[in-house]
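Visitor: What follows is each chain in one-letter form.
Protein chains: 4
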Amino acid sequence: MIVHRHEIRVRYADTDKMQFVYNGKYLEYFEVGRTELLRSLGLPYSEVEKRGYQLPLVEANIKYKSAAFYDDLLIIESSYQLETTPIIQINYTIYRKETMEIIAEGFTKHIFIKEETKKAVRPPEFYIQAIQNAEENAREN
Amino acid sequence: MIVHRHEIRVRYADTDKMQFVYNGKYLEYFEVGRTELLRSLGLPYSEVEKRGYQLPLVEANIKYKSAAFYDDLLIIESSYQLETTPIIQINYTIYRKETMEIIAEGFTKHIFIKEETKKAVRPPEFYIQAIQNAEENAREN
Amino acid sequence: MIVHRHEIRVRYADTDKMQFVYNGKYLEYFEVGRTELLRSLGLPYSEVEKRGYQLPLVEANIKYKSAAFYDDLLIIESSYQLETTPIIQINYTIYRKETMEIIAEGFTKHIFIKEETKKAVRPPEFYIQAIQNAEENAREN
Amino acid sequence: MIVHRHEIRVRYADTDKMQFVYNGKYLEYFEVGRTELLRSLGLPYSEVEKRGYQLPLVEANIKYKSAAFYDDLLIIESSYQLETTPIIQINYTIYRKETMEIIAEGFTKHIFIKEETKKAVRPPEFYIQAIQNAEENAREN
Numbered sequence: 001m002i003v004h005r006h007e008i009r010v011r012y013a014d015t016d017k018m019q020f021v022y023n024g025k026y027l028e029y030f031e032v033g034r035t036e037l038l039r040s041l042g043l044p045y046s047e048v049e050k051r052g053y054q055l056p057l058v059e060a061n062i063k064y065k066s067a068a069f070y071d072d073l074l075i076i077e078s079s080y081q082l083e084t085t086p087i088i089q090i091n092y093t094i095y096r097k098e099t100m101e102i103i104a105e106g107f108t109k110h111i112f113i114k115e116e117t118k119k120a121v122r123p124p125e126f127y128i129q130a131i132q133n134a135e136e137n138a139r140e141n
Numbered sequence: 001m002i003v004h005r006h007e008i009r010v011r012y013a014d015t016d017k018m019q020f021v022y023n024g025k026y027l028e029y030f031e032v033g034r035t036e037l038l039r040s041l042g043l044p045y046s047e048v049e050k051r052g053y054q055l056p057l058v059e060a061n062i063k064y065k066s067a068a069f070y071d072d073l074l075i076i077e078s079s080y081q082l083e084t085t086p087i088i089q090i091n092y093t094i095y096r097k098e099t100m101e102i103i104a105e106g107f108t109k110h111i112f113i114k115e116e117t118k119k120a121v122r123p124p125e126f127y128i129q130a131i132q133n134a135e136e137n138a139r140e141n
Numbered sequence: 001m002i003v004h005r006h007e008i009r010v011r012y013a014d015t016d017k018m019q020f021v022y023n024g025k026y027l028e029y030f031e032v033g034r035t036e037l038l039r040s041l042g043l044p045y046s047e048v049e050k051r052g053y054q055l056p057l058v059e060a061n062i063k064y065k066s067a068a069f070y071d072d073l074l075i076i077e078s079s080y081q082l083e084t085t086p087i088i089q090i091n092y093t094i095y096r097k098e099t100m101e102i103i104a105e106g107f108t109k110h111i112f113i114k115e116e117t118k119k120a121v122r123p124p125e126f127y128i129q130a131i132q133n134a135e136e137n138a139r140e141n
Numbered sequence: 001m002i003v004h005r006h007e008i009r010v011r012y013a014d015t016d017k018m019q020f021v022y023n024g025k026y027l028e029y030f031e032v033g034r035t036e037l038l039r040s041l042g043l044p045y046s047e048v049e050k051r052g053y054q055l056p057l058v059e060a061n062i063k064y065k066s067a068a069f070y071d072d073l074l075i076i077e078s079s080y081q082l083e084t085t086p087i088i089q090i091n092y093t094i095y096r097k098e099t100m101e102i103i104a105e106g107f108t109k110h111i112f113i114k115e116e117t118k119k120a121v122r123p124p125e126f127y128i129q130a131i132q133n134a135e136e137n138a139r140e141n
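Protein chains in written order, with our numbering: chain B, 1 to 141; chain D, 1 to 141; chain H, 1 to 141; chain V, 1 to 141.
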């Protein structure tokens, strides 16, 4: 399993009149988490797209555990286990850095499609290779 | 069960470079759906807040079925069954109006809290009353 | 001059912890205003794009006059005068419907580009035609 | 004059179907810029709020110079000159880091208000002090 942590800071724009982060914003935080997880594998999502693949969501789930406030530093922990089916799942836990309190947990499921045909396909070879390398490195360290 | 339908139009701001609506936007569409469902019961959410209650999310789930595009007219169907526990669930189905194709399905779970204390409470009497009236009206019609 | 009015309702998502609408949201409201202005001329922006043109912004200006709150109904008044230069300007005034108080004023300037070449071009014939028809209709009524 | 630079990365959520960053997003980038400028002065905006002041916008202006794309690293340069009138102005230039091309320029004007009364006031003493210290440090270095 590959785990990656990334920090973000809550913007004023992210909050709503309930004084904390708007419920829909967490999907944007999840996006940042998986983007940085892929980058850490040497496989930026922009690269995946350049090679003609896209990974739209098929499902998302969020459990809101505690409120995040303006200017909080959050840690987004994204984890991922290689599967060779077209659908991949990434799990997320968001912590407030100062207290390590859990703010939210959730997952997103994505499907590999060819950009040209918009048809579902199995993960391409370059992708599987990058994940396997990362998993081996993780085991060795 | 109370069911309410409301139309919204996809904004340019809602789309992303994949050419269709960004995954996080659906939670905003769900928000519009439940706001209008509550308004149809004579109980605008702004009124709930004025009476000292709030309904933050504890969970959200979205299944993405088909892409929604810029300028599409969408129908958000929100449905709700009265429960007297602190946690209430609202279900949503989003359709493209032109084809009645399903775009997304999902739910949000909310918890009643007192704004002052931020403590969970059972749904207040005025709220239960409004839901029961609406359910009776629905049965009679 | 062509003037169009369109109503929108402030979403919870639009507010921030200062309790009113986030400053960046007004550009989204302006977008809705000009989209509906173009639609009222029989020329939806989605149609402009289908014909191979785009209208990215070159400048935007907003003067914030008064706060807009959650669930407020707003009127976006968009006005536009035909020019045949590549750059067009649309002016906006946003009112709170209940009180007709001015919430914000501003403008956006756009440049006609060909989608294919991304080069600036003069407004295409079908566009000028639609605007002229609308201006004549406005004069006659 | 105080100048501060801060990097942000363009999110998928920031883009729209025109393939680049949505026009309204720049006001959010400006927000991040001035937040980090204030933090660099030892005066986080969250601290300004805790002391009972707020700085809502009275005007914003953006000139769009070039498109910013998904995953681009941007540099937000925010600059500010102390004034003791209630209205303060911050200027911004956004660059694409890789090429140092200018993406956008603009300003925001803000007014100091007391949170309690929502009345305009002159900048409070602790604020003027922090700015003056920063300006002196800038001159010495």
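Incorrect hints may appear among the rest.
Note: identical chains are not told apart, hence a pair may lie in one copy or across any two.
Simulated crosslink set (DSBU-like; lysine-lysine; CA at most 35 Å straight-line) [stated by the list, open to error]:
| id | residue 1 | residue 2 |
| --- | --- | --- |
| 1 | Lys50 | Lys119 |
| 2 | Lys97 | Lys114 |
| 3 | Lys63 | Lys119 |
| 4 | Lys119 | Lys109 |
| 5 | Lys109 | Lys63 |
| 6 | Lys109 | Lys65 |
In case anyone wonders, no lab produced these hints; they're calculated from the structure.
Visitor: Now look at each hint and say whether the structure bears it out.
Guide: Going through the hints against the structure:
For a Cα distance limit of 35 Å, the shortest separation of Lys50 from Lys119 qualifies both inside one copy, at 17 Å, and across copies, at 24 Å. In the homo-oligomer, the alpha carbons of Lys97 and Lys114 lie at most 35 Å apart only across protomers (27 Å), although the nearest pairing inside one protomer, at 38 Å, exceeds that limit. Proximity of Lys63 and Lys119 under a CA criterion of 35 Å is satisfied in both settings, with 31 Å inside one chain copy and 18 Å between copies. Proximity of Lys119 and Lys109 under a CA criterion of 35 Å is satisfied in both settings, with 16 Å inside one chain copy and 33 Å between copies.
Within a single copy, Lys109 and Lys63 get their C-alpha atoms as close as 15 Å, and across copies as close as 9 Å, so both meet the 35 Å cut-off. Both within a single protomer and between protomers do Lys109 and Lys65 lie at most 35 Å apart by alpha-carbon distance, with minima of 21 Å and 12 Å respectively.
Hint compliance for this structure: every hint is met.
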